[in-house]
Amino acid sequence: MSIEVKDLSFCYNRGTSLEKRALDNVSLSIGKGEFVLIGGEIGSGKSTLVRHFNGILKPQSGSVTVSGMASTDRDVRHKAGLLMQYPQKQLFGRTVFEDVSFGPSNFGIKGDALEQRVADALEQAGLGRDIGSLSPFSLSGGQMRLVALAGVLAMQPEYLILDEPTSGLDPENRSSLLATLKELHLSGISVVVVSHQVCEFLPLADKVILLDNGWVSFNGTPVEYVRSVSSPLPEITLLMKDLIREGFDVRDDILSIDDAFEEIVNALEKRGAGQDE
Amino acid sequence: MIHIKDISYRYPDNTLAIDSLSLNINKGEFVAIAGKNGCGKSTLLRHMNGLLLPCQGSVVVNGMDTSDPSSLMDIRRTAGMVFQDPGSQFIGMTVEEDVAFGPENLGLSQREINERVDLSLQNVGMEGYRYHTPRSLSGGQKQKVALASVLAMKPDIILFDEVTSMLDPCSRKDILSLIENLHENGTTVVYVTHHLEELVHADRLVVMENGRIVHDGHPREILSRNDPEQFGSDLPPVIELARRLADSGLIPADPSSFPLSRAELREVLCRSK
Ligand SMILES: Nc1ncnc2c1ncn2[C@@H]1O[C@H](COP(=O)(O)OP(=O)(O)OP(=O)(O)O)[C@@H](O)[C@H]1O
Ligand SMILES: Nc1ncnc2c1ncn2[C@@H]1O[C@H](COP(=O)(O)OP(=O)(O)OP(=O)(O)O)[C@@H](O)[C@H]1O
Ligand SMILES: [Mg+2]
Ligand SMILES: [Mg+2]
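Taken in order, these protein sequences are the chains called A and B. Mapping of the first sequence onto the working numbering: position 123 corresponds to residue 123, and the numbering continues sequentially without gaps. Mapping of the second sequence onto the working numbering: position 41 corresponds to residue 41, and the numbering continues sequentially without gaps.
Only chain A is shown next, with the shape it has when bound in the complex (with noise of 0.2 Å):
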């Protein structure tokens, strides 16, 4: 069971002057417990690909199927639960609790299990418990994104996508939220990740899709994408080829402080051992 996309196109402002083809027959498949990072330029269409993902947005021609079924279908939003890049648009409840129950109590949980529902989805997203009794329009930026990645969390979907999760995220929250997509793709779920910061996900990813221009420019593995992209790649990366270019003796492959910490070490040592010779 997967997501399978088959030469899927699509147009904003179709017939108008300001006609845009956003989607250029893209095909790729997200498979069952995959997690999968998107990245791409701004504007590049990564957005109105995976708001097909959950029916938002409707195939004009090509398919989308989850799980074999159609992305059409109205109960596709079972399975596939989609954090917007501005979830500003995805609050709406009085209360922070009504907003985050608001999709399992539609799939007919009540009573305390909805409760306990909500309350494991507010703590996956790094949001205390009592949280639940505010308005989510008397919340912060980051507030506000955690409290709509809860309400999808909260959903227990089989396919959690997320566009810009750690946007406007402070760095203890970005960290931590990286931890909850590890230990949920652990469990069994498919996560897509659509971001900037690529680099960021890089660890945790099974497969790298870049678009560029509502096509697919790149599709492999991080190993594939870090050898064969010239960028975005991690700056402690970067900083390890800099320093070969400067005559360091380093490897190139580098992606953690660790690993790279100790090749700079070696290689301030072999220097200072052959000056001393």
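Hints may be right or wrong, so weigh each one.
[Unchecked claim] The calculated lysine to aspartate or glutamate pairs, modelled on EDC-like cross-linking and capped at a C-alpha distance of 16 Å, are:
no. : chain 1 : residue 1 : chain 2 : residue 2
1   : A       : Lys20     : A       : Asp212
2   : A       : Lys32     : A       : Glu4
3   : B       : Lys273    : A       : Asp242
4   : B       : Lys273    : A       : Glu269
5   : B       : Lys273    : A       : Asp73
6   : A       : Lys241    : A       : Asp253
7   : A       : Lys241    : B       : Glu267
8   : B       : Lys154    : B       : Asp118
9   : A       : Lys241    : B       : Asp85
10  : B       : Lys27     : B       : Glu267
11  : B       : Lys27     : B       : Glu184
12  : A       : Lys58     : A       : Glu41
13  : B       : Lys173    : A       : Glu235
14  : A       : Lys241    : A       : Asp259
15  : B       : Lys27     : B       : Glu180
16  : A       : Lys58     : A       : Glu4
17  : B       : Lys273    : A       : Glu246
18  : A       : Lys110    : A       : Glu123
19  : A       : Lys89     : B       : Asp203
20  : B       : Lys273    : A       : Asp249
21  : B       : Lys173    : A       : Glu41
Calculated directly from the structure, the hints in this document are not laboratory data.
Mind docking chain B with the ligands on chain A? Use the hints.
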């Protein structure tokens, strides 16, 4: 330029978002503001152009007190703000209209207005989208147009609230150098961010916690200091690496030369080899 004296602010639901805070920002300074989600950064910024009035204390912008209703228009012209959520800022039906709105209100000639609209859209790389509806743009495109609309007013002070959060690495770099350019040409810049690697150009870093200021100093001083927990953040990888190298004595530990970016760390390493 901006004098904030002992202000407190409570939202109508009684949340205390700013707690007895004072801050002076000098003309031409580039001040970055960081801190955890919900610590009060946006609330503080909204006080700097009179969008919010303090419950206690005073805010004076370029000699004008924000509590004086007759100065409010002048204050908004002096201090332009690019919002965290660009959608909340759009007024025009088209991108062009939106960017022209500010200059029109300044009473400029049509020629000057056109020039400013052209230039601001070019500066953010959105000249191809003049006739589009701001609402129908992609996330990053919205952010760029919101930026252009404020640039077109050429305010003396610009308040940026997380304006690079939806940009790809390439546009992020472009926008950062645009902001650095404004700063070099005398604009006072107040820049809220969660991305500490963006601070290379800042003269000053202010870190907030629970509506108060807990650090105020040069970014090098603050980021090279020992306890990152203090300002509630994981450090950007390059800075974390630099600190470890400094701790082991492999690069100088002196805060005044502490590297804040990849390019700076490369230089320091080349010098110590
Ligand atoms: N509702 C809309 N009406 C018209 N055009 C649109 C609409 N939404 C998006 N577009 C256009 O389609 C293209 C792709 O937009 P999309 O939002 O999918 O990009 P994106 O890759 O998500 O970009 P970003 O990283 O900036 O969010 C852009 O050129 C955009 O201007
Ligand atoms: N309209 C509002 N009504 C009530 N409380 C609010 C409102 N807006 C913000 N708050 C509260 O005030 C505090 C400060 O919010 P603010 O938006 O200034 O934070 P911030 O530092 O900008 O956070 P972020 O990094 O998430 O944008 C938070 O506790 C928030 O919940
Ligand atoms: Mg998008
Ligand atoms: Mg804010």
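Here's how the hints hold up against the structure:
1. Taking the CA atoms of A:Lys20 and A:Asp212, the gap is about 14 Å. The hint holds against a cut of 16 Å.
2. Under the criterion of a C-alpha separation no larger than 16 Å, the hint pairing A:Lys32 with A:Glu4 is consistent with the structure, at around 11 Å.
3. Under the criterion of a C-alpha separation no larger than 16 Å, the hint pairing B:Lys273 with A:Asp242 is consistent with the structure, at around 14 Å.
4. Proximity of B:Lys273 to A:Glu269 is assessed by CA-CA distance (about 9 Å); at most 16 Å being required, the pair is judged to hold.
5. Between B:Lys273 and A:Asp73 the CA atoms are separated by roughly 63 Å; this puts the pair beyond 16 Å, and the hint is violated.
6. Between A:Lys241 and A:Asp253 the alpha-carbon distance is near 9 Å, which keeps this suggested pair within the 16 Å criterion.
7. A distance of roughly 14 Å separates the Cα atoms of A:Lys241 and B:Glu267; the hinted pair therefore holds under the 16 Å criterion.
8. A threshold of 16 Å between alpha carbons decides the hint, and for B:Lys154 with B:Asp118 the separation of about 13 Å falls inside it, so the pair holds.
9. Between A:Lys241 and B:Asp85 the CA atoms are separated by roughly 36 Å; this puts the pair beyond 16 Å, and the hint is violated.
10. Restraint check for B:Lys27 and B:Glu267: the C-alpha separation of about 31 Å exceeds 16 Å, so the hint is violated.
11. Proposed proximity of B:Lys27 and B:Glu184 is supported: the alpha carbons are some 12 Å apart, at most 16 Å.
12. Annotation: proposed proximity of A:Lys58 to A:Glu41 is violated, straight-line Cα distance about 23 Å (limit 16 Å).
13. Between B:Lys173 and A:Glu235 the alpha-carbon distance is near 14 Å, which keeps this suggested pair within the 16 Å criterion.
14. The straight-line distance between the Cα atoms of A:Lys241 and A:Asp259 is roughly 14 Å, inside the 16 Å bound, and the hint therefore holds.
15. Taken as a hint, the B:Lys27 and B:Glu180 pair is honoured in the structure, with Cα atoms around 15 Å apart against an allowance of 16 Å.
16. This hinted pair checks out: A:Lys58 and A:Glu4 have alpha carbons roughly 14 Å apart, not beyond 16 Å.
17. With a C-alpha separation of about 10 Å, the suggested pair B:Lys273 and A:Glu246 falls inside the 16 Å cut-off, and the hint holds.
18. Simply put, A:Lys110 and A:Glu123 have alpha-carbon atoms about 19 Å apart, too far for the 16 Å limit, and the pair is violated.
19. For the proposed pair A:Lys89 and B:Asp203, the alpha carbon gap of about 36 Å is over 16 Å, so the pair is violated.
20. The hinted pair formed by B:Lys273 and A:Asp249 meets the criterion: a straight-line CA distance of about 11 Å does not exceed 16 Å.
21. Annotation: proposed proximity of B:Lys173 to A:Glu41 holds, straight-line Cα distance about 13 Å (limit 16 Å).
In the structure shown, a violation is registered for the earlier hints numbered 5, 9, 10, 12, 18, 19, in ascending order.
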